[in-house]
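Student: For reference, the chains in residue letters:
Protein chains: 2
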Amino acid sequence: MSSAAERAASLAQAARDGDRRSLARLLTEVENRTAAGEAALRELYAQAGRAHLVGITGAPGAGKSTLVAALVGEARRDGRPVAVLAVDPSSPITGGAILGDRVRMQLHASDADVFIRSMASRGHAGGLAGTTLGAAAVLDACGFALIFIETVGTGQSEVEVASVADTTVVVQAPEMGDEVQAIKAGLLEVADLVVVTKGDRPGAERAAAQLRAMLTVGAQHDRALGDRPRPKRPDVLLASGLTGAGLAGVLAALDRRAAARAEATPGDGPSPAELARAEAQVSGLLAERVAAHLRAPALADRRAQTLSAVAAHQLDPYTAADRLLELLAERRNG
Amino acid sequence: MSSAAERAASLAQAARDGDRRSLARLLTEVENRTAAGEAALRELYAQAGRAHLVGITGAPGAGKSTLVAALVGEARRDGRPVAVLAVDPSSPITGGAILGDRVRMQLHASDADVFIRSMASRGHAGGLAGTTLGAAAVLDACGFALIFIETVGTGQSEVEVASVADTTVVVQAPEMGDEVQAIKAGLLEVADLVVVTKGDRPGAERAAAQLRAMLTVGAQHDRALGDRPRPKRPDVLLASGLTGAGLAGVLAALDRRAAARAEATPGDGPSPAELARAEAQVSGLLAERVAAHLRAPALADRRAQTLSAVAAHQLDPYTAADRLLELLAERRNG
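Chains A and B, in that order, are what the protein sequence lines are. Following my numbering, the numbering of the first sequence begins with 1 at its first residue and continues without gaps. Following my numbering, the numbering of the second sequence begins with 1001 at its first residue and continues without gaps.
Chain A on its own, in the form it takes in the complex:
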């Protein structure tokens, strides 16, 4: 057994036994794509697959972080362990994340059954899927049955999160104009549930009614389009992080979905969400492996020459891609 594998095995064991510090370290290994992280994930993966992964998405300022913090509080009232993965795809250069949003989460910082983690998805060929799903599988194997995956900042991840979650919650502030942003971002199309936040404000009921009407029109429109893929028609709920109103209802709606999923699986094999997740995760890892092979010493020079020739317009990118594929194949047989 290699030392990475040993380290991984002991971290994984301690994390599963409830040691939060080991869990945190393990997630760092997974996030940094270390050999120990990979080994641990290989080992833990068979124990994962039971958690309900809930994606929380929405335009910036919609109140995602506040809602997640409130839902965590609500779940803890029932004594349920909860994990939050805050995915920040934002900062590609310095890797700096704005941590203001996380401050709200400090409310739960001393609670061992709440595990909160910010992750950067930048810079990996695998993107959101690669980083987040690995971390989610670790948390899942460690007994967190409810895992919120929250997108921070703006990003394609707002839509991408739907491809990794069992249930996608789109968060909407009641202010005018937000509806349009959500449509622009294609968010309503990926929603399993829409939550209008700041439900204590005067305009919230009206915003929810508008969204319901919009979703009904959308559904009719889609029927008219015939056999094109049909977006889901999500429920629209109101919630207020301030007063706590509506939180229990949101949690109940999530639990109904989790229960339906648990009932549906045994005979039918993996759900579409599980298959999509597997595909996203494996594709991400595949892209990383391809990139790593091409950057390895054996191929790095020829890769750089090929890219320089494309940059100088001496070689077209299609021929270049074919050449790199040949290089990969040669290497595997060399």
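Mixed in with the good hints there might be a few duds.
What the hints assert, rightly or not - Which stretches of chain A does chain B cover? Using the computed rule of at least three CB atoms under 8 Å from a CB of chain B, they are: (1) 35–44; (2) 316–326.
Claimed, not checked - Partner residues are not named here, just some residues of chain B that face chain A (Cβ under 10 Å, in silico): (3) 1045; (4) 1052; (5) 1077; (6) 1284; (7) 1291; (8) 1308; (9) 1317.
Hints listed in this document are in silico derivations from the structure and should not be mistaken for laboratory results. Keep in mind that this is a model prediction, so the values were computed, not measured. Each residue gets a CB set at the ideal place from its N, CA and C atoms; glycine is no exception.
Place chain B on chain A using the hints.
Tutor: Showing chain B alone in chain A's frame:
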């Protein structure tokens, strides 16, 4: 010569001779990843590489479309042909784009030296780079020396556009709060130029001053970090699409960058932007080719079985990725 290649050659010839309808058709072929599109791009690629690709990015509502429309008008006053690629990564399911923004561009619809094209980047493994750079190369080869690449809606593309553009313009509305959104989205880090829009409004000067101060602090902070990659320190300019103030200044700043680039290239080989672009484009095509190989009849069943096993947590995703890589290598030698 195959019929796709013939069709491609004749479209490419007509497009280069100035036939806009052929150019539009050619871009459709490129966007749809047809054999004719690939053949045309292979042929045209050697004639591309002269255009200045200007990425226009910013938070939703910052005024990107208005600024681009105004800059197009300004460039046309000098008689320069201009192209705009509006990249919409938004709608992954129905593919519907909100076209409201495009309406402003109708001002230029009857001008043959303005070419405007909306493109969806969704659904391709290559993402923004694959779609957009192919289209930009076609426009470039057809004589458009100034090409704006504008991101529509929210999306990772807001940052990603910087990896494909020679120059990245970050657009900021003067309203409070926007600065924070730009930082959240990591946008200031990728900016070569920041343009504060709605320059006619009272708060615009102050917003610009705040941004300048913020960028100065950022630069000092980065120096303190030592040898980490150093973000650029962009100029901050004011412009108003409404009054036209500042537009000439923005265009002049862009032209200075284009001139500097043209002077720098001959001896030095490709610029970092050109290399990054080549890498983004080739990586995108490579990912597409890998995905296509795995979905081809010879491998599709084994791919599906592998993904199902991962979804059922019978196989970990790392082993799955390795297995798919083996499949690829076998196929190339089978």
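Student: Decide, hint by hint, whether the structure agrees.
Tutor: Comparing the hints with the structure gives:
1. Note: the segment 35–44 of chain A has 3 residues with beta-carbon separation from chain B under 8 Å; the three-residue rule is met and the coverage holds.
2. Counting residues of the segment 316–326 of chain A whose CB lies closer than 8 Å to any CB of chain B gives 10, so the stated coverage by that chain holds, three being the minimum.
3. Evaluation of the residue 1045 of chain B hint against chain A yields a held restraint, the C-beta minimum of about 4 Å falling below 10 Å.
4. At a threshold of 10 Å, the smallest CB-CB gap from residue 1052 of chain B to chain A is about 15 Å, leaving the interface hint violated.
5. Look at residue 1077 of chain B: its Cβ only gets to about 30 Å from chain A, farther than 10 Å, so that hint breaks.
6. A distance limit of 10 Å between C-beta atoms decides the matter here; for residue 1284 of chain B the minimum to chain A is near 8 Å, and the interface restraint holds.
7. Restraint check, residue 1291 of chain B versus chain A: the minimum CB separation of about 7 Å is within 10 Å; hint holds.
8. A least Cβ separation of about 6 Å between residue 1308 of chain B and chain A falls short of the 10 Å threshold, and the interface hint therefore holds.
9. With 10 Å as the threshold, the beta carbon of residue 1317 of chain B comes within range of chain A, its nearest partner Cβ sitting at about 5 Å, so the hint holds.
Comparing the model with each numbered hint stated earlier shows that hints 4 and 5 do not hold.
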